Amino acid sequence: MEKFKVLNSSVVPISVEDIDTDQIIPARFLKATSREGFGENLFRDWRFDSDGKEKAGFVLNDDSYSGKILVAGRNFGCGSSREHAAWALYDYGFRAVVSSYFADIFKGNALNNGLLPVQVSEDFLAEIFKAAEKETSIQIKIDLESQKISIPKNGISEEFEINSFKKTCLLNGYDDIDFLLSNKKKIEKFEQQHLEF
Amino acid sequence: MAKTLFEKVWNRHVVDKVEGGLEILYIDRHLIHEVTSPQAFSGIRNRGIDIFRKEKIVATADHNVPTQNQHLPIKDALSRIQVDALKNNCKDFDIELYGLGHPYQGIVHVIGPELGITKPGMTIVCGDSHTSTHGAFGAIAFGIGTSQVEQVMATQCLLIERPKTMRINIDGEIGEGIFAKDIILYIISKLGTAGGTGHFVEYSGTAIWSLSMEARMTICNMSIEMGARGGMIAPDETTFRYIKGRKFAPKGADFDRAKDYWLTLYSDDEAIFDTEHYFRAEDIEPMITYGTNPGMGIKITDQVPEAEQVKNPEGLKKSLAYMGLNPGESLLGKKINHVFIGSCTNSRIEDLRIVADFVKGKKKASHVQAMIVPGSRQVQEQAKKEGIDKILADAGFELRQSGCSACLGMNEDKIPKGEYCVSTSNRNFEGRQGPGARTMLVSPLTAATIAIEGHVVDPRAYLLEEAGV
Ligand code: SF4
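First to last, the sequence lines map onto chains A and B. Under the working numbering, the residues of the first sequence are numbered 83 to 279, in order. Under the working numbering, the residues of the second sequence are numbered 155 to 623, in order.
In isolation and in its complexed conformation, chain A is listed as follows:
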């Protein structure tokens, strides 16, 4: 996993609530057996019409917006557990998603893939949307070490929560499996007393 320390980037804003993982990557594009290449079909049906032509008006087709930070409405990533959603966002080039609320499974999947979910208050989210509307290339800074997200130009910032273990993993680029594997002895010992009915 790639390390995550500080990210300075412009944003791609999608001011829609309850974006489910079927929108992020529709089921018919889940047929690959590797983790790469899903970015091509990120937000497929919002981005392209049925003939594969770009839909005007969708932000990923708007050249004035780009960057490594996706900003989205409340309850991002609900629905299907498909980790392909996190892979598609990462593969497309995103390294952080900012929202006022994340669905549980998506949040876990993102963290396991070096994509940082940053949960902010409704007010702060509204500030980012407003700033991005006014100036499409507005820069946002996300500092994982100090757990701070800011809009330097406007001088506003907010702290965000992250599990301390997950934070250490991201800062160092470790994953959970390395950690669990190092606990194998404990797991085997547990199994000896664990009855299954």
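Bear in mind the hints are in silico, worked out from the structure with no lab data behind them. Hints may be right or wrong, so weigh each one.
Stated by the list, open to error - Quick list of the computed label-pair ranges, beta carbon to beta carbon:
| id | chain 1 | residue 1 | chain 2 | residue 2 | range |
| --- | --- | --- | --- | --- | --- |
| 1 | B | 238 | A | 175 | 30 to 38 Å |
| 2 | B | 256 | A | 238 | 57 to 65 Å |
| 3 | A | 238 | B | 173 | 27 to 35 Å |
| 4 | B | 400 | A | 136 | 50 to 58 Å |
| 5 | A | 268 | B | 257 | 38 to 46 Å |
| 6 | A | 87 | B | 173 | 18 to 26 Å |
| 7 | A | 227 | B | 225 | 54 to 62 Å |
| 8 | A | 143 | B | 225 | 42 to 50 Å |
| 9 | A | 268 | B | 238 | 36 to 44 Å |
| 10 | B | 482 | A | 143 | 31 to 39 Å |
| 11 | B | 570 | A | 271 | 29 to 37 Å |
| 12 | A | 116 | B | 222 | 26 to 34 Å |
| 13 | A | 238 | B | 437 | 40 to 48 Å |
| 14 | A | 209 | B | 437 | 35 to 43 Å |
What the hints assert, rightly or not - Computed footprint of chain A on chain B; a stretch qualifies when at least three of its residues, placed anywhere within it, have a C-beta under 8 Å from a C-beta of chain A:
| id | segment |
| --- | --- |
| 15 | 191–201 |
| 16 | 296–305 |
Said to hold, decoys possible - With a cut-off of at most 30 Å between alpha-carbon atoms, the simulated DSS-like pairs for lysine-lysine come out as follows:
| id | chain 1 | residue 1 | chain 2 | residue 2 |
| --- | --- | --- | --- | --- |
| 17 | A | 135 | A | 216 |
| 18 | A | 135 | B | 241 |
| 19 | B | 318 | A | 271 |
| 20 | A | 266 | B | 241 |
| 21 | A | 135 | B | 571 |
| 22 | B | 318 | B | 465 |
| 23 | B | 517 | B | 539 |
| 24 | B | 171 | A | 248 |
| 25 | B | 514 | B | 489 |
| 26 | A | 150 | A | 87 |
| 27 | B | 171 | A | 266 |
None of the values given here were measured: they were computed from a predicted structure. For glycine and all other residues, C-beta sits at the position ideal for the given N, C-alpha and C.
Based on these hints, arrange chain B with the ligand on the given structure of chain A.
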């Protein structure tokens, strides 16, 4: 100290507590399928390790499989590659596979319970959000991402934060023509798609306890649609009766010993939940969704809400534009071209019986395409044994072979763009049943009624008519 059902089961599976409030949770059963496992198998290979506890994994092919001519090679090349990859991975790592053509094949959440793999007090995971289905037995069951599938393959454990607890109480008597699907759609319409985020839900109350196992599974299945990690119901005699005699259920004295333990699995009287909700069964009526998430549901006799009535008017506008509906409109009488009865929510034998009982001697409306996809090969065979296949064929329904099918449209079972599909599945997201498809979620009885009438109707009106009232 008084404990909730969830805490009793969870605590028995904690191997260790780690910094940051994470816990190492031991997993008793790991179910896998073709879509979310290939990258986990490659992960295991790349690390040069073996699968830790192969005997605790069960695999099936369900998401991608065709529902016609399953004996022939899969036509879609990518689907075939994925199903073959599962076959090869299971062979290489020596994992039990109920693949295409196997008599136990089926939707992963249908076969677990019907084979007696799912048991009270277990921890069960699968790379699929509807793993919550298995919670109907008093198990802790939840969906995980592919990285976690790899974790469980590598160590039989997950590194995970303990969710909060929620209890949803439903007391009272459920009315005629109203099913588990209506109950859960009602709850989600009240709590919203994020109402359960961070929580593990226990369903409780007299209305819940009166339900069959199939109906309980329908309820727990859709817990994820309100954002909850999972749902569970304390096991009781209904549960034990269902499990007894199934293929992998404990036998003889083992069963009795297991039952003694299962009987301890309930929430203590003084147990405290982080959140509690109360509903009355009498308030629940047949439900239908009008929007593009499962929280956008109404009583079938109600009108689509107006912008002022909802929290997110922008979202409503976007959804209704997609659905081709107007605020304030009644859905009754809306012409429907497609009816899909299936998915891990409503494809068990009980669901097929409800449909068959109703459509017996009737004919579907001529413009309707009615597809019914059993959840497993065993359900399919049972339906044949009971003559359900004939009843459905006579009514003009197409009975397919088992799989996920039009629940997510990964195989060729898709709903055409712009058309309405009344569906017993669990998700009405944009494009879920095919690009541009417009899904309305309902119970199997409501779906069957609509297939016969050709437009949206209240199934109770029909029941009254049949009874000559
Ligand atoms: S039937 Fe639908 S919801 Fe259930 S496992 Fe299959 S795709 Fe998922």
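Quick rundown of the hints versus the structure:
1. Separation of residue 238/B from residue 175/A is about 32 Å and conforms to the stated range, judged on CB atoms against 30 to 38 Å.
2. The hinted range of 57 to 65 Å is satisfied by residue 256/B and residue 238/A, whose Cβ atoms lie roughly 59 Å apart.
3. Range check, residue 238/A to residue 173/B: Cβ separation about 31 Å, and the 27 to 35 Å hint holds.
4. Remark: the range hint 50 to 58 Å for residue 400/B to residue 136/A is upheld by a beta-carbon distance near 52 Å.
5. Under the hint 38 to 46 Å, the C-beta atoms of residue 268/A and residue 257/B, about 39 Å apart, fit the expected range.
6. A hinted range of 18 to 26 Å holds for the C-beta pair residue 87/A and residue 173/B, which are about 20 Å apart.
7. About 58 Å separates the C-beta atoms of residue 227/A and residue 225/B, a value consistent with the hinted range of 54 to 62 Å.
8. Look at residue 143/A against residue 225/B: about 44 Å separates their beta carbons, and that is inside 42 to 50 Å.
9. For the pair residue 268/A and residue 238/B, the beta carbons lie near 37 Å from each other, so the given range of 36 to 44 Å is met.
10. For the hinted restraint 31 to 39 Å between residue 482/B and residue 143/A, the CB-CB distance of approximately 33 Å keeps it satisfied.
11. A hinted range of 29 to 37 Å for the beta carbons of residue 570/B and residue 271/A is inconsistent with their spacing of about 57 Å.
12. Our hint of 26 to 34 Å for residue 116/A and residue 222/B holds, since their Cβ atoms are close to 29 Å apart.
13. The hinted window of 40 to 48 Å between residue 238/A and residue 437/B holds, with their beta carbons roughly 45 Å apart.
14. In this structure, residue 209/A and residue 437/B meet the distance hint of 35 to 43 Å, their C-beta atoms being roughly 40 Å apart.
15. Counting residues of the segment 191–201 of chain B whose beta carbon lies closer than 8 Å to any beta carbon of chain A gives 5, which reaches the threshold of three, so the coverage claim holds.
16. With 8 residues having a Cβ less than 8 Å from any Cβ of chain A, the segment 296–305 of chain B passes the three-residue criterion, so the hint holds.
17. The hinted pair formed by residue 135/A and residue 216/A meets the criterion: a straight-line CA distance of about 28 Å does not exceed 30 Å.
18. Restraint check for residue 135/A and residue 241/B: the C-alpha separation of about 37 Å exceeds 30 Å, so the hint is violated.
19. For the given pair, residue 318/B sits about 28 Å from residue 271/A by alpha-carbon distance, which is consistent with the 30 Å threshold.
20. Taking the CA atoms of residue 266/A and residue 241/B, the gap is near 28 Å; set against the 30 Å cutoff, the hint holds.
21. For the hint pairing residue 135/A with residue 571/B, the CA-to-CA distance comes to about 16 Å; that is within 30 Å, so the pair holds.
22. Our distance criterion of 30 Å between C-alpha atoms is met by residue 318/B and residue 465/B, whose separation comes to about 25 Å.
23. Taking the CA atoms of residue 517/B and residue 539/B, the gap is about 22 Å. The hint holds against a cut of 30 Å.
24. Proximity of residue 171/B to residue 248/A is assessed by CA-CA distance (about 14 Å); at most 30 Å being required, the pair is judged to hold.
25. A C-alpha spacing of about 22 Å is found between residue 514/B and residue 489/B, which places the hinted pair at or below 30 Å, so the restraint holds.
26. Under the criterion of a C-alpha separation no larger than 30 Å, the hint pairing residue 150/A with residue 87/A is consistent with the structure, at around 14 Å.
27. Pair hint residue 171/B plus residue 266/A holds up; C-alpha atoms about 14 Å apart against a cutoff of 30 Å.
Hints 11, 18, counting from the list given before, are not met by this structure.
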